[in-house]
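Given the coordinates of chain A, assemble chain B onto it according to the supplied hints.
Taken in sequence, the protein lines are chains A and B. Numbering-wise (full-length UniProt numbering), the first sequence opens with residue 1 and increments by one. Numbering-wise (full-length UniProt numbering), the second sequence opens with residue 1 and increments by one.
Among the hints, a few may not be true.
To give a feel for the contact side, a few chain A residues facing chain B, derived at Cβ under 10 Å [stated by the list, open to error]:
id: 1; residue: S45
id: 2; residue: Q49
id: 3; residue: E74
id: 4; residue: R79
id: 5; residue: F89
id: 6; residue: P110
id: 7; residue: D201
These are computed hints drawn from the structure, not numbers from a lab. Every residue gets a Cβ at the ideal spot worked out from N, C-alpha and C, and that includes glycine.
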Amino acid sequence: MYKLTGVSKRYTRGKETVEALRGIDLVIEDGDQLVIQGPTGGGKSTLLQMIGGLDRPTEGSVQLDGVDLASISEARLTRLRAEKIGIIFQAFNLIPTLTAQENVETALVPLGVKPAERRERAAEALRSVGLGERLSHVPTELSGGQQQRVAIARALVKKPRVLLADEPTGNLDEGTRDDIMALLEGLWREHGLTFVLVTHDSSIARRAPRVATIKAGQLTVTDQDQYVS
Amino acid sequence: MFGIYLKRELSRRKKAALVIAMGLALGIALVITVSSVSAGMQQAQEKVLQSLYGLGTDMTVTKARSAPTGNQSGRPSFDFDASANDSTETQSSDRVTTQGGQTLKSALVTEVAAQKGVATAVGALSLNVTKVDGSFTQGKAKTDTSSPSSSPSSGQGGPGGGQGGDTGSTAPPEIQGGGASFDVNSYSVTGVDVTNQELGPLATTTITSGKTFTTAQTDAKVAVLSTSYAKENKYTVGETVTISGTKYKVIGIATPESSEATTDVYLPLKQAQTLGDSANLVSTIYVQATDSKQIDTVKSTIQKNIPGTTVTTSADLAETVSGSLSTASNLATSVGKWLSIAVLAAAFLVAALLTSSAVSRRVREFGTLKALGWPSRRVTRQVVGESVVNGLLGGALGIGLGLVAAYAVTTYSPKLTAQLGNTGGGGSGMGGGPGGGGGPGQQSAANTMEIALSAPVSLTTIALAAGLAITGGLIAGAMGGWRASRMRPADALRSVS
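With the rest of the complex left out, here is chain A (with noise of 0.2 Å):
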């Protein structure tokens, strides 16, 4: 379980203090689904990177289990991010050099798999996003939606307990968009992950039983009464 108490982030750029997030309270649930939204620059992304680990808040508490990700060592919070947050990022951010199953191995490696083990997890995890065929090829060889489905591959392979998405249909058209959705709520069910996305796109936000919208750095959640399970 996520509990996020009175979380601020401030960044300073030259003279200029700008802050991302302003006292946020949130709590998520093991095997929640929340989508984040709202205006470009209101703090989502920053919200992610808080609730991942990515980045430490400025004041206030992260806590995952208990954990408070906010002063833990970077060791540990790296460890933590190993074995338990698999990310999806708009981007994909797949190593451009490495083929579709060795991007999926990648998230094995600091976890210490030994090599066999890793390519037949790894294949195994293209496979489940229905990319059997497409072991070996590297990036360029992939449309978008087959690049981000290595990308749910390589953050579902280590079989983690959250599933953080930004923007992860961002740069899709509207028909990959559906399928690569229809894939992440298939996998968060099948897995019970506790599942947090950031868009901007209202008609996935529509779809999420919890929304927190974000603006000015400032929090509000809304629990979806029209959201069908």
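The following block gives chain B in isolation, referenced to the frame of chain A:
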């Protein structure tokens, strides 16, 4: 994953990898070339010094130079008798002088050998023999036939004619014809200690015909001739050579390791002392130290304990070497060294900047890996690994280029000249090496040596090059790795294009 990732990254960035590798290769090739040329220079200098000293000699001891007094001008003088009548009898005279005219007592050899740090010492006596032979012919005095008082008469004339005969009371008679024809032949003789030929003048020669002295021939009338002298004068083993009236049996022909060795005839020391009227005297003491690193200390000890001597070490001798060898050597050790350092430093800097720049372009990549849970050390290792491979590639290229350059130098063998200051005859600083050669007329020629330059590449140089390549890679990698390690995973999300 490390190996696969590294291989793929280097394949993808071939051009950048090649630029880094070529930069390092250039620096490393230069280091190898300069090192090998310097080694060649060193060898050339050692060759020059060995030709003077002999292999194994660490220093020589000679008498401290003093101003000549009285008749010690050192110039040879000859006495010839003018013959009466029309005699054209050949006259000959040998003049034997010690080279430089500075000698030491033989007892000093034992004294020097007893000094702390001295392994062994032997004495040698260098002599110059100037042989003048020829004859006079008389000139004829011819009087003017128009003058009744004149009558033919003969008179002795010096070379070219001169005054002589009856000058008469009227017009002097004109001397026609007459003169002198003399050949001057100079050569060098060195008396060697036959009981220890491993050190001293004979140490730099190889007996190519006959044999060398036996230890029993300390006072035997035997001689070893240099190849060039034997060839020029058509001597072979078994024949006799006459020096100042004394006959010596030729027992061996010695070929010097350096073409510039200047001794023509080697005699047992005692024979040379008799020949040069220098009983119990030597001109040079050759010294071998027990430890080559203690040469300066041994030099000081000898100079302190045996006053009136000049001790010359290889280092002193090297300072007297001038000419293109010296210039090139200085060039290699100063300009070459600094050029290598500058190029290498520039190559390291370029490699570091390019690696750092490559890391900057891979912010998202490294940020993503960190977001996936890769520890900083693993990301750093990846960057350093790529950089070290670049360095090794540069090293391999550099070693190849360096070897080609060294091979080219050795093949082309540029000739360098070495001018040896104050050689022969106990000049200050040099202490009168074994040569000095061939009398005054040949002195300056003997002091200039021509040496072919080679560029030997040692395993140490190759190891140094490989070390530099790895160092270059590590420096570049450290810079790139440092940047990568400081990168935050959040950067991966921010740098969405």
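Query raised in the report: Which of the listed hints are broken here?
Result: 7
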